[in-house]
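J.: For chain A, the structure is supplied; the task is to place chain B on it using the hints.
Protein chains: 2
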Amino acid sequence: MLNHLGKQIQKFQRFPFLYEGQFGLEKEAQRVTTAGELATTKHPASLGSSRSHPYLKTNFAETQTKVVTDRFSSIHKMYQQLQGLDAVLTQNLAPTERLWPLSMPPQLPADQTIKLTTVTAQKHAYRKQLIAKDGLKQQMISAIRLNFSLPTRLLLVLYEDHYQDKYDSYLEFHNAAYLKVAQNYQRYRYILTYLFGASPLAETNFYQSGQAKPAKLVRSLASSQKYGYANQTASQISFASLAQYVQGITTYVRQGKLANSREFSVPVQLQGRKLSKLTSEGVTYLELSNLELDPFTLDGISEVDLDFMQIFFIYMLILPSMPQQKLTSILQLAAEQHEQVALEDPTKASTLQAQLTEFIQEMQKFSVDFAAPHRLQIAVKRMAERVIDFKKTPAYLLSQQVSQQSLSQFAVKQANAAYTQQTQAVYQLRGYQDLSLSTQALLRAAFQAGLQVEVLDRQDNLVKLSYQEQTEIIKQGSLTSKDNQLGGELSANKTVLKKLLGAAGFAVPMSAEYRTQATALTDFPDYAKRGVVVKPRRGHSGAGVTVFKLPPKRAAYAVAVSTAFKFDRTIMVESFVAGSQYRFLVIGGKVKAVLEQIPANVVGDGRSTIQQLIEKKNLTRGEKQTKPMEKIPLDGATLANLTQQGLQLTTIPVRGNLVYLGDTANPVTGGDAVDMTTDVDVSYCHLAERVAAELKLTVAGVDLFIDNPYKAVTDEHPELGMVLSVTNQPSLIEHLFPYFGEAQPVAQQLLQFLFPKAFH
Amino acid sequence: MLNHLGKQIQKFQRFPFLYEGQFGLEKEAQRVTTAGELATTKHPASLGSSRSHPYLKTNFAETQTKVVTDRFSSIHKMYQQLQGLDAVLTQNLAPTERLWPLSMPPQLPADQTIKLTTVTAQKHAYRKQLIAKDGLKQQMISAIRLNFSLPTRLLLVLYEDHYQDKYDSYLEFHNAAYLKVAQNYQRYRYILTYLFGASPLAETNFYQSGQAKPAKLVRSLASSQKYGYANQTASQISFASLAQYVQGITTYVRQGKLANSREFSVPVQLQGRKLSKLTSEGVTYLELSNLELDPFTLDGISEVDLDFMQIFFIYMLILPSMPQQKLTSILQLAAEQHEQVALEDPTKASTLQAQLTEFIQEMQKFSVDFAAPHRLQIAVKRMAERVIDFKKTPAYLLSQQVSQQSLSQFAVKQANAAYTQQTQAVYQLRGYQDLSLSTQALLRAAFQAGLQVEVLDRQDNLVKLSYQEQTEIIKQGSLTSKDNQLGGELSANKTVLKKLLGAAGFAVPMSAEYRTQATALTDFPDYAKRGVVVKPRRGHSGAGVTVFKLPPKRAAYAVAVSTAFKFDRTIMVESFVAGSQYRFLVIGGKVKAVLEQIPANVVGDGRSTIQQLIEKKNLTRGEKQTKPMEKIPLDGATLANLTQQGLQLTTIPVRGNLVYLGDTANPVTGGDAVDMTTDVDVSYCHLAERVAAELKLTVAGVDLFIDNPYKAVTDEHPELGMVLSVTNQPSLIEHLFPYFGEAQPVAQQLLQFLFPKAFH
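Going down the list, the protein sequences come from chains A and B. If you're matching positions, the first sequence starts at -18 in my numbering and goes up one per residue. If you're matching positions, the second sequence starts at -18 in my numbering and goes up one per residue.
For the record, the hints were derived by calculation from the structure and aren't laboratory data. Where a beta carbon is used, it is the ideal one built from N, C-alpha and C, also for glycine. A couple of the hints might just be wrong.
Said to hold, decoys possible - Just a few of them, taken from the derived set where beta-carbon distance is under 10 Å, the chain B residues facing chain A: (1) D464; (2) A473; (3) L676.
Claimed, not checked - Within a straight-line C-alpha distance of at most 30 Å, the following computed DSBU-like cross-link-like pairs (lysine-lysine) qualify: (4) A:K547 / A:K58; (5) A:K463 / B:K(-8); (6) A:K194 / A:K372; (7) A:K571 / B:K677; (8) B:K547 / A:K547; (9) A:K510 / B:K(-8).
Chain A extracted, bound-state conformation (with noise of 0.2 Å):
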């Protein structure tokens, strides 16, 4: 009855809703050594719990790590999430070990010598069963598994459109529209054993004894029936109806012949919360198996890939219905199909071609047809460049890379690339790269932790993190619920803040405001005696703030003035203190970082000019908070600064000579952050805590001017801890990644503090 299904779509103009979905991924990979040689080591410690991990889990043996993202409305947030669990889970790997970059298992030892992950007495009996049955060596390779769901509103408009008469309720079409999703693949799956196949061998020990081996290289020996991983019984049950899919694996699971009705091997399943449920309660998604790791790429499987799989598994319900007395046959046809095309030989065109060539027209007439996002139509393009020429499939790619009868010497060489990769530029999460560096830090962690992610709005910096039952918010990686509101409105108002902490007692530099030029103007002579600072009232980063070390002259001073109105409408003369300033970084009440702010600065080493200085230092820093330092701008602050100290960017200073470029000690123009978190005194760090108390934060970023770090502030001179300024939402990185110093781990602190059960 579903036949026409694509006439209906395109009659209602439905296009849109095709292209929705759910879409999670499941991938395993083994854990080598850098030689190759399976790990003999634990599952890495500090990723915690395998069992109550939700998305760094081992599978069957110890080596054996398996990536759970969660499920996301696209294909590309689906990703984005792989590809920060690969780099979390890499980054945890002891430095001697690598991830291995194939289905197939690199050389195994004995099978008394695999190391089984620990599990429930129950599980290790359906495991002994499983390697009784199947071998154990079956079960080490590594298997990519996606679950996709049927767009839900696509669905429900059909049936409103058309469907409603034709069944008896919603529910039965939408099980009628997924069995026959299932059905198709099953039928079709060999173009995707063509496509992505990339498994032309299996290395030493993988045979049991006395198995026979095919005798050249294949196309996917991992998804044959003959030597991969299929599990035959399931590969008998039947897909006629939902009622018999479910009845046979009942009837299996009664008789022994499968151990569970969630753990068996074929290549497509359909899934509900409980499958004696199935019918019932409606199939939730299907999860398909048919993709193998390609080690081309470095998570695995590359984007476009999935991008295929999500159009190809909604082809599925476009494409007609198979007749249901013909059913039993077309798919024992396409088994045989299948494993024709996975034992064939991949340096050579497939002896499928024709089907192939057919099959992939067809689909990319449909994309077009059918309005398919650009992403999509590009996949089916990319994909058909592979039908077209074999040398672009894995299967042929790997097979110009085995030496020796093995592929370990390759997959060697490209763990360590990939490894090599995902441990550079730690500061960023790949995946999530669009978002601040703080946030990007504290999703790390997260991951690492094994707190639940979802990132609610990118641009904002929210994200939502659980443990349990417990849910919090965070924006901008350390705004969270446990702070008042009205904290970070005091802290933004200067003028109030100052107030505020005045009246406290604590010392605050000495400030007038202005509202106007003319009255900013009128009250230089009281500035032309001294060190002041003219800034915007509110203002981030330092923007728009001048800093007079020594008494400003008229036009200097008027100058400031002006580039402070620039940034607001109420303007602060404040005196300048001597000293340096210090970044204190309060979490749950208590300092837990402390950094040195160093204005802008280079160090000569007695050939290079000021300007070749600079660029050095520039090399490892970024732009807009890109990296975890700035660059040291080229801009006209600098120049005039230099100019001051009667210097030019072509000057060459003396070896060991330490010249200033900036006046602010802010890390967004260039200085330098030095860690200090256990070199401070510690009477600053209980300034610090009574500053965000005072503001009732117990997360803050407190500003203060310390004349000298080693000498204890006191109530008798409370002016050698001056405060400077409070954030609400301070800046982890800097803390992560120092210039200078240890790095504290700022990130996980936070957790720890959101989160003490997660961290017992």
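T.: Quick look at chain B alone, frame taken from chain A:
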């Protein structure tokens, strides 16, 4: 030694410091009936206990109200608070009562019928003593007392610049400066009496039986030694030195001639924390009691008079000191001059015209030479005009209002006029009109409740309220520290809000989100069949929102999309939901008020055009939230709306016919807010409370779409109450001044939530 103080200031260019200082004010006024008789009622109960109220107290008699301001760093700020307090006091009077606008009391009943305020036993004894010595009637005169402090910065820098070697300590210099001001103030106080004297006569029953009374009108009965409230004993206290001053008072108190060291009436008093410590701790301010109530002003005194008092006060510091040996005789002469001016004929030029003229000319010169701020120079000029022309003095002006030996008729007229003015437009609070209306409403309620009020930042609407030890800061009238900082972030992000509320099981309108015009237009076919709302993702007050109640045409939809993109990088298209929009105001987790928000409309009267009806309705409305309701805009949107309905501005609607002029039910676009607090089914209140709780907000505005407010929302039909939006800073003003229906005391309710102890 302080004779050349002015020269030091000129030499070091310390002019700006001269005009700093601290300023406070107390002002008494008698409560009378609309007939001008002393009230017999108690102090208004709505103002709480007059003893513990920080601002609105009573003096001596129960009828004698006393307004006490805080101490401020400028006259202007002090005057703003005075205006607010006067307004609140008047608004809390019984409708049949007024404030007597003169310092001299109204016609008095017999002594024994004057009700005294309830006070402690000790204070009661003192009062009896006062009455016995000076008579009760003198105590019924209403005074204005100014508390002025010299600018501390000025004294500190003067000491550092020049006086460090001339005094043993800063404190000695500081006290000497205050003493000099007090001495000179007494010397020249006849100037003030000329300028501000406003008591030409006394009403019936003022004089004690047998007491001689002036034969004709005078300038200042109130301040005359002979008839006024001056204390005979106190006037003999020596100002020769601070020690003698303290000694004098102490002796008189010991002898029982003065009841205590604080409460006695002399024109100027040196005040500190404690009389016995005055020398060792230093004088903190002078208390000046020269002014009289000015019945020609709304607040009993004008700001320009207070400005003059400020510059007069500082001028006393600059004038030469009196030679110590001639001090007594000079002050004796000054007292005589003062009495002469006080009792001279106000309808003629002063008998001391020559001195007055010389003094004011010198003062004008001072104001220019010492770079006084413009407002102070203006104040001196204004007073110079009074010197030149006695017809500009209050005493002369009052003499013209005397009728039948009484000012009663005039006083009642002025009292009524003031009452009318103070009780109009009560959505505003005088002195605070630049703040948001909700903040003004909150401050009015705070003043009434006897909370301590401090405005931290007018631009940001940040106010600090205190009661006993508790302090709360509030922004924009309703943003408090009770709520977490994420609530607002989540409320502001409509997409995330919907995601969260939807996930928590609340009914939210279906919506899609777009980042480009192209994608929004691609989905048009989907919106061509139903009503939709196109809006920017973030936004306030309906800006950029277009409502299509009926399915839009493509062109109109495109315009709406591009309009929304002007307000945000991301826009949303929502299903249009039928029903009305309601605002639920949650305070302390409970719904305290509900408004139905009706789109802009007019009701036909059968003869006016739509334009006339709009203009009529707009008469009581304002723009940019300066009034509780906004004008209906006569803009393109309104015209387009009429055109859609086949109407024009010139159309004359049938009598009683309701014509809608807008689609968005937002008070900001000219809609009507109708109170429904007691009408709406309570299930919606519970729904709104649950929504606020979901965001952990105790104070919130929750907007719901409700189809039928009398029909309960149920778990089975959550769509009966759709959650549209939430705000963490709800406006209070519409609930206090709805277009129709009962006003809800939400400002007071918010204060009750914040300060439960203040409302027991």
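J.: Now tell me if each hint is right for this structure.
T.: Hints, verified against the model:
The interface hint given for B:D464 holds, since its Cβ lies 5 Å from the closest Cβ of chain A, which is under the 10 Å cut-off. Satisfaction of the interface hint for B:A473 is found here, the shortest Cβ-Cβ separation to chain A being roughly 9 Å, below the 10 Å cut-off. A distance limit of 10 Å between C-beta atoms decides the matter here; for B:L676 the minimum to chain A is near 9 Å, and the interface restraint holds. Proximity of A:K547 to A:K58 is assessed by CA-CA distance (about 40 Å); at most 30 Å being required, the pair is judged violated.
Distance check on the hinted pair: A:K463 and B:K(-8) sit about 56 Å apart at the alpha-carbon level, beyond 30 Å; violated. Between A:K194 and A:K372, the direct Cα distance comes to roughly 24 Å. Compliance with the 30 Å bound is thereby established for this hinted pair. A distance of roughly 24 Å separates the Cα atoms of A:K571 and B:K677; the hinted pair therefore holds under the 30 Å criterion. The straight-line distance between the Cα atoms of B:K547 and A:K547 is roughly 23 Å, inside the 30 Å bound, and the hint therefore holds.
At roughly 16 Å between alpha-carbon atoms, A:K510 and B:K(-8) fall within 30 Å of each other, so this suggested pair holds.
Of the numbered hints given earlier, the model fails hints 4, 5; all others are met.
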